[in-house]
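Participant: Each chain is listed here by its residues.
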Amino acid sequence: MELTDADLVARVLLDDDHHAFAELVRRHQSTVRGLLRQLTRTDVALADDLAQETFLRAYKHIRSFRGEARFSTWLYRIAYNCFREDARRRKELVGIDEAKWQAEHDPQTVDPALRHDLMQALQILPLHERSAVLLCCQNGLSHDEAARVLDIPLGTVKTNVLRGREKLKRALAAWESK
Amino acid sequence: MDEQLQEDWLDARLRDEAAYLDDAGFTATVVQRLPPKRASSKFRATVLILVTILGSALAYVLSGGGQFIMEGIARIGSLSLLSVGLLALCSALVATAVAGAAAWSKAR
Chain F
107 MELTDADLVA RVLLDDDHHA FAELVRRHQS TVRGLLRQLT RTDVALADDL
157 AQETFLRAYK HIRSFRGEAR FSTWLYRIAY NCFREDARRR KELVGIDEAK
207 WQAEHDPQTV DPALRHDLMQ ALQILPLHER SAVLLCCQNG LSHDEAARVL
257 DIPLGTVKTN VLRGREKLKR ALAAWESK
Chain A
1229 MDEQLQEDWL DARLRDEAAY LDDAGFTATV VQRLPPKRAS SKFRATVLIL
1279 VTILGSALAY VLSGGGQFIM EGIARIGSLS LLSVGLLALC SALVATAVAG
1329 AAAWSKAR
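Protein chains in written order, with my numbering: chain F, 107 to 284; chain A, 1229 to 1336.
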């Protein structure tokens, strides 16, 4: 039987089990790295550095995970904080590494032109709307969970998701009818 | 296209973008950067118990077979009721402060 995230966390807490933590990393690396890639405007190297920092912080502070939220939600919050701290440090925009981005995705499943337009539309959104849309619409978090991750009121999350979606729909209007 | 269909379409496109990222050595890199493993909790508990037993035995032998305990009890017995009450109050306050600090540090 496969162990749950809570079981693995308990093993890390009890015996400092590196294998259990490695399993947690394996399970969540894709979503955490994916989220950070979107937040960093697809700077793959920076996103992976921040993802590593996210997991190292998670390990260091694993005692503060109380199981009230899903482990993934807790990780997203750490990832978002890592991203914000880094952005504050840099205080500069990073560009889109289009070649690397394309290489990471399977060109068979989605029209590359649509993917490009969607990426562009996402990058145009202000950070607060982009974060809310990515967490709720792409990563499947509830508004309440996203509010915890972003540390903002629930109503603000709902507004940001609504506005972000409206902007995305407007930007991709030409694709909807296809 | 109605509103619901538009929302489904947008969510589906966003989820398409969240393609699974191959690990490609990421987990191994993170595990390599973890701090060294702590001693297991069983090992730490065993060491703690052994050290406590050894320390107690040493204190017992060096204090002349625990004579100081009997002397201490006799001294407390000779104190006034007020002094014993104050001593108990001080002990309770110290214990409460230690427990409060432990609870606060755990809650952080």
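One or more of the hints may lead you astray.
Unchecked claim - Lysine-lysine pairs mimicking DSBU-like chemistry, simulated, CA-CA at most 35 Å apart:
1) F:K275 to A:K1270
2) A:K1334 to F:K275
3) A:K1270 to F:K264
To be verified - If you only want the chain A side, here are some residues facing chain F, beta carbon under 10 Å, derived:
4) R1243
5) A1247
6) A1256
7) S1268
8) K1270
9) L1310
In case anyone wonders, no lab produced these hints; they're calculated from the structure.
Keep in mind the model is a prediction, meaning the values are calculated, not measured.
C-beta: ideal position from N, C-alpha, C; glycine also.
Participant: Can you give the numbers of the hints that this structure goes against, from lowest to highest?
Facilitator: 1, 2, 3 and 9
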